[in-house]
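Student: Sequence:
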Amino acid sequence: MIGYVALLVAIVIANRSPASGYELSLYAATPAVVWAGLGVAALAGLLTALSTRPATRLHHAGLGLVGMSAIMLTAMPILRGYRFYGAGDSLTHLGWAREIAAGSLPATDLLYPGIHTFSVAVATLTGIPLAQAMLYVTLVVFPLVFLVTVPLIVRLIAGTPWAYTFGLAAAALFVPINNISVHPVAHPTSQAILLVPLWILVTLTYTYGLSTDSVPSPSSEGTPSPKRAIPDGGWRSGPTAIGVVMAVVSGALVLYHPQQALNVALVLAAIAVVQLALSWLRPGLAVTGHRWLGVQAVIVVVMFLLWAPRFERTVGTITFTLGSFLTGETATGTVVAAKSASLLSLGGSLLTLSVRLFLAGAVLSLIAGLLVVAVLLGRVERGLTDTSVRYLAVALVPPFLVFLLVFTIGAGDMYMRYQGFIMVFITVLGAAGISLAVDRLDASVKPGTGRALALVLLLVVSPVAAMGYHSSPYIFQPTSHVTESQLDGYAASFEHRGEGIEFTGLRGGPERYVDYYYGSQNARTTLEFPGYSDRVTPEVFNAGAYTSTYDEPRYLGITQSEYEREVLLYDGLRYTRQGFEQLETTPRVGRVRTSSGFSLYYLSSDAADPAADVGGTD
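For reference, each letter of the sequence shown is one residue, going 1 to 618 in full-length UniProt numbering.
These aren't lab readings, by the way, just hints derived from the structure by calculation. One or more hints might be untrue.
[What the hints assert, rightly or not] Just the calculated beta-carbon pair ranges, DEER-fashion:
hint: 1; residue 1: A241; residue 2: R313; range: 28 to 38 angstroms
hint: 2; residue 1: R577; residue 2: G21; range: 14 to 24 angstroms
hint: 3; residue 1: R507; residue 2: F311; range: 41 to 51 angstroms
hint: 4; residue 1: R379; residue 2: A102; range: 55 to 65 angstroms
hint: 5; residue 1: L8; residue 2: A241; range: 36 to 46 angstroms
It should be emphasised that the depicted structure is a prediction, and the values quoted were computed from it without experimental measurement. Every residue, glycine too, gets a C-beta built ideally from N, C-alpha and C.
When you get a sec, could you build the whole thing from the sequences and use the hints?
Tutor: Dropping the structure here:
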């Protein structure tokens with residue numbers, strides 16, 4: 001009861017404390033009582049779930065508290081009334097969704113139309129604004145899929161009384177979200193990664209020939225599986241319903257992001273090769289009774305080849321990656337070195353950031369590694385646990401090799417996408433390892449010993465993981481909050497701009513807002529928006545040298561988020577406070593549009609006469 005009251009209080013206060021402007025940190029701007037309420041609810045739920053007999057109403061109530069607390073964390077931008085959440089790529093994706101909704105862009109013209117069409121469908125069915133629909137899809141639906149499917153997998157492969165509980169607790173850490181290349185905002189590869197556990201669950205069910213009634217649920221958590229036998233699926237089994245479902249989920253991954261679909265194809269191929277090898281070398285093993293995954297690997301590859309190569313970006317990425325590796329043109333560690341230098345300038349360090357972002361993942365990785373070693377040494381019972389751990393360990397090999405390849409060639413921070421994919425499997429293996437260790441400790445030492453130790457471990461890593469879920473100054477990033485004044489201010493500026501006058505901006509032009517307002521496909525192909533991605537350099541901005549730098553006038557949009565990011569968070573590392581202040585005093589620079597959180601400046605030049613402004617004060 002205490003936990004549910006705390007959760008209700010947290011939800012009500014969060015909803016009644018909407019953001020009044022841009023918030024540099026969602027955590028700092030949200031009332032402390034909200035976080036306290038969520039913490040109490042999660043702790044009460046975990047204590048209840050671990051101290052009551054599985055499959056009872058009280059146990060389920062505890063699990064519900066843990067799950068709802070995790071969803072409230074992910075959905076906090078919605079509770080706080082954010083107009084939109086996702087200041088970079090997400091605005092571009094919203095622009096694509098707006099084009100699809102308007103009928104000006106066929107979904108088949110997008111490389112990854114999954115979240116866009118899903119968001120349009122939600123908006124159409126519910127009548128809510130499209131931006132809000134996309135928030136519900138990315139902040140609620142996909143995290144919920146992750147939270148539901150991970151514990152089901154752990155329960156399937158571990159089979160201990162507390163497997164579902166620890167599976168849910170591990171899933172609530174959301175370790176695949178690293179806020180480097182995998183984000184909680186609208187970002188197709190991130191949503192595809194959160195969908196991977198559903199694919200794993202379906203794949204294991206298909207491999208073992210289990211019926212849908214055989215897949216365990218929370219209500220069956222206390223039911224023992226004494227033999228842990230693997231049903232005989234057979235190498236030559238024909239098409240099955242679960243096989244069709246598996247193909248559908250794989251196809252969905254292709255549409256959400258082909259990169260992740262290619263990852264699962266590599267995983268299927270690796271396991272299929274191992275299955276063949278073991279069936280030839282040791283025909284007496286249980287693996288000969290499993291369904292062979294080679295056919296499903298071919299199905300995924302065919303779907304990928306039918307879809308992805310139509311887009312130049314796919315071909316270019318693959319060509320660049322393989323070409324860089326084969327020619328030896330690598331830039332290993334350059335991105336890491338650059339980020340380390342920036343962190344040192346801000347008073348942080350790579351070690352500090354790594355602990356804040358990866359502590360929970362590192363702990364689960366260690367436990368997962370110990371579980372794999374225990375299985376290989378024969379210390380774990382044969383059956384579903386043994387074979388599942390072996391399969392999942394083999395599944396880690398291809399993405400890890402690709403991770404090393406991408407890291408070696410120095411392709412930006414793309415390698416962290418593979419880290420996020422890998423952490424899905426680590427979450428499952430880590431949770432399974434915890435549940436098996438708890439079961440053994442409770443049986444061999446004293447009942448409750450293992451659960452108590454696991455609870456302490458979760459209490460250490462959970463707050464760190466929760467603080468790293470949303471971007472914030474805690475991880476040396478601004479929040480992804482996009483305010484109404486930013487969207488409306490840019491929209492009005494675009495509507496009333498002087499003909500032919502280019503825009504510019506800090507760290508990049510107004511491209512994301514152009515994508516949102518006009519539709520990103522339109523902006524990139526037919527609009528030819530003036531100054532789409534132009535930026536004013538820190539040297540020009542900090543010195544106020546606009547009139548001597550530009551041959552023609554410019555519009556410069558400044559948002560409150562940019563000011564707080566550059567001045568408060570980065571302490572003038574690139575764009576200084578003086579540069580912002582000089583916008584009001586530099587000759588031939590005039591503020592022509594302003595609203596709460598957004599200002600548009602007209603930058604004249606020595607070679608041109610001042611132009612008419614684009615409107616007055618909003």
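Student: For the hint 41 to 51 angstroms, verify it against the beta carbon of R507 and that of F311.
Tutor: 27 angstroms Cβ-Cβ, so the 41 to 51 angstroms window is violated.
Student: State, for the Cβ atoms of A241 and R313, whether the hinted interval 28 to 38 angstroms holds or is violated.
Tutor: Given range 28 to 38 angstroms: holds, Cβ gap about 35 angstroms.
Student: Holds or violated: 55 to 65 angstroms for the Cβ distance of R379 and A102?
Tutor: 59 angstroms, holds
Student: Could you see if the CB distance from L8 to A241 stays within 36 to 46 angstroms?
Tutor: Once the Cβ atoms are compared, 41 angstroms apart, the range 36 to 46 angstroms for A241 and L8 holds.
Student: Do the Cβ positions of R577 and G21 conform to the proposed distance bound of 14 to 24 angstroms?
Tutor: 19 angstroms, holds
When each numbered hint is compared with the structure, a violation occurs for hint 3 only.
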